[in-house]
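With the sequences and hints as input, model every part of the structure.
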Amino acid sequence: MPELPEVEIMRRYLEAASLDQEIQAVQFYDELDKIYHSSREELREALVGARFTATERTGKFLFVQISRGGWLHLHFGMSGTLELFRGDELPKYTRLTWDFASGERLAFRDLRKFGVIALTPSPAEYLKAHGIGTDLLEIDFKDFEAALHNRSVAIKTALLDQKHFAGIGNWIADEMLFDCGIHPQHPCGKLTSEHYRCLWEAGRQIVQTAVEADTHYGDFPEHFFVQYRKKGALHPDWPESPVEKLTVGGRGTFIVPAKQRM
DNA sequence: TTATATGTTCGATA
DNA sequence: TTATCGAACATATA
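If you count the first sequence from 1, position 199 lands on 199 in this note's numbering, and the numbers rise without skipping.
Read the hints as simulated data drawn from the structure, not as lab findings.
Heads up, some of the hints might be wrong.
[Claimed, not checked] Computed list of lysine-lysine pairs in PhoX-like fashion (alpha-carbon distance at most 20 Å, straight line):
#1 Lys-113 x Lys-34
#2 Lys-163 x Lys-128
#3 Lys-231 x Lys-245
#4 Lys-113 x Lys-92
#5 Lys-230 x Lys-245
#6 Lys-34 x Lys-92
[To be verified] Distance windows between CB atoms, simulated:
#7 Asp-20 x Gly-252: 17 to 27 Å
#8 Val-211 x Ser-39: 52 to 62 Å
#9 Gly-252 x Pro-121: 34 to 44 Å
#10 His-37 x Glu-104: 19 to 29 Å
#11 Ser-152 x Arg-40: 26 to 36 Å
#12 Ala-213 x Gly-49: 37 to 47 Å
#13 His-130 x Ala-258: 31 to 41 Å
#14 Leu-84 x Ser-152: 43 to 53 Å
#15 Lys-92 x Thr-192: 39 to 49 Å
#16 Glu-22 x His-216: 27 to 37 Å
#17 Glu-104 x Gly-250: 35 to 45 Å
#18 Ser-152 x Pro-121: 32 to 42 Å
#19 Lys-128 x Arg-44: 18 to 28 Å
#20 Ser-152 x Val-48: 48 to 58 Å
Note that CB positions come from ideal geometry on N, CA and C, so glycine has one too.
The following block contains the structure:
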């Protein structure tokens, strides 16, 4: 579930669950070591006996400051999530736990193992090394437009690219394009300034609404496209134009054909 | 059995 | 050198 709003909710959850608690142990449950981008030894050494003291987030990239120095980076991939628990019964798909002196344990769960757990000297350094742009809520319209206006790729592909602005994922991209009545395969650079303006505003509004609803889809407004994001579904504003599925940039993409013409 | 899933990275190609 | 495309990654479920 992790796009910008989901990661923001995770950031708040992690703060509430763990800030300023002593980390008594770190335990590893991914036998492939797939998601540990720092070694087990480095992670243990950096974290055991330390505390988390602050958090930061850019797009889908979460960072946790370590009292002893340095930062921990968390990325949730396609299926990562955090869950607080107690005792020996691990939540399903737990890949790592931080065990606090209080007896509470924080699990990093991740069915598909596309997540990342890594040490880094600072968020800025990590983001620069990975070519990640400004958070979607931070970028101003001028820079947003500049990042899009001279490109030839499909607009949806450009929205999903984290290089210039970060945080948009598959469902938010579809939501933005639906809001603005833009076909996802429309060449990015051929849109008008009004289109870019609409996308910029829609992106901010969608993210803010999703965060306010705790990313619980059931609490989203009825007109949110994500609620009808499946083949054949009928959006209440377009009952005569069933949702169609296509593939754009290798990603499943849903549109209301009558509203989103090329 | 085959396709798909809310993401990123890497190699090939233009 | 830069931009774009497609496959790959690991696992469960329809």
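Comparing the hints with the structure gives:
In summary, the hint linking Lys-113 to Lys-34 is supported, as the alpha carbons are separated by about 7 Å, within the 20 Å threshold. Pair hint Lys-163 plus Lys-128 holds up; C-alpha atoms about 10 Å apart against a cutoff of 20 Å. Annotation: proposed proximity of Lys-231 to Lys-245 holds, straight-line Cα distance about 6 Å (limit 20 Å). Simply put, Lys-113 and Lys-92 have alpha-carbon atoms about 13 Å apart, close enough for the 20 Å limit, and the pair holds.
In summary, the hint linking Lys-230 to Lys-245 is supported, as the alpha carbons are separated by about 7 Å, within the 20 Å threshold. In summary, the hint linking Lys-34 to Lys-92 is supported, as the alpha carbons are separated by about 17 Å, within the 20 Å threshold. For Asp-20 and Gly-252, the Cβ-Cβ distance of about 41 Å falls outside the hinted range of 17 to 27 Å, so the restraint is violated. Under the hint 52 to 62 Å, the C-beta atoms of Val-211 and Ser-39, about 34 Å apart, miss the expected range.
Take Gly-252 and Pro-121: their Cβ atoms lie about 37 Å apart, and the range 34 to 44 Å holds. Distance hint check: the CB atoms of His-37 and Glu-104 are about 25 Å apart, consistent with the given range 19 to 29 Å. In this structure the hint that Ser-152 and Arg-40 lie 26 to 36 Å apart at CB is violated, the actual value being about 44 Å. In this structure, Ala-213 and Gly-49 meet the distance hint of 37 to 47 Å, their C-beta atoms being roughly 38 Å apart.
Distance hint for His-130 and Ala-258: a CB-CB separation of about 39 Å, consistent with the stated range 31 to 41 Å. Remark: the range hint 43 to 53 Å for Leu-84 to Ser-152 is upheld by a beta-carbon distance near 46 Å. Distance hint check: the CB atoms of Lys-92 and Thr-192 are about 47 Å apart, consistent with the given range 39 to 49 Å. Checked against the hint of 27 to 37 Å, the C-beta distance between Glu-22 and His-216 comes to roughly 32 Å, which is consistent with it.
Separation of Glu-104 from Gly-250 is about 40 Å and conforms to the stated range, judged on CB atoms against 35 to 45 Å. In this structure, Ser-152 and Pro-121 meet the distance hint of 32 to 42 Å, their C-beta atoms being roughly 36 Å apart. A hinted range of 18 to 28 Å for the beta carbons of Lys-128 and Arg-44 is consistent with their spacing of about 27 Å. Remark: the range hint 48 to 58 Å for Ser-152 to Val-48 is upheld by a beta-carbon distance near 50 Å.
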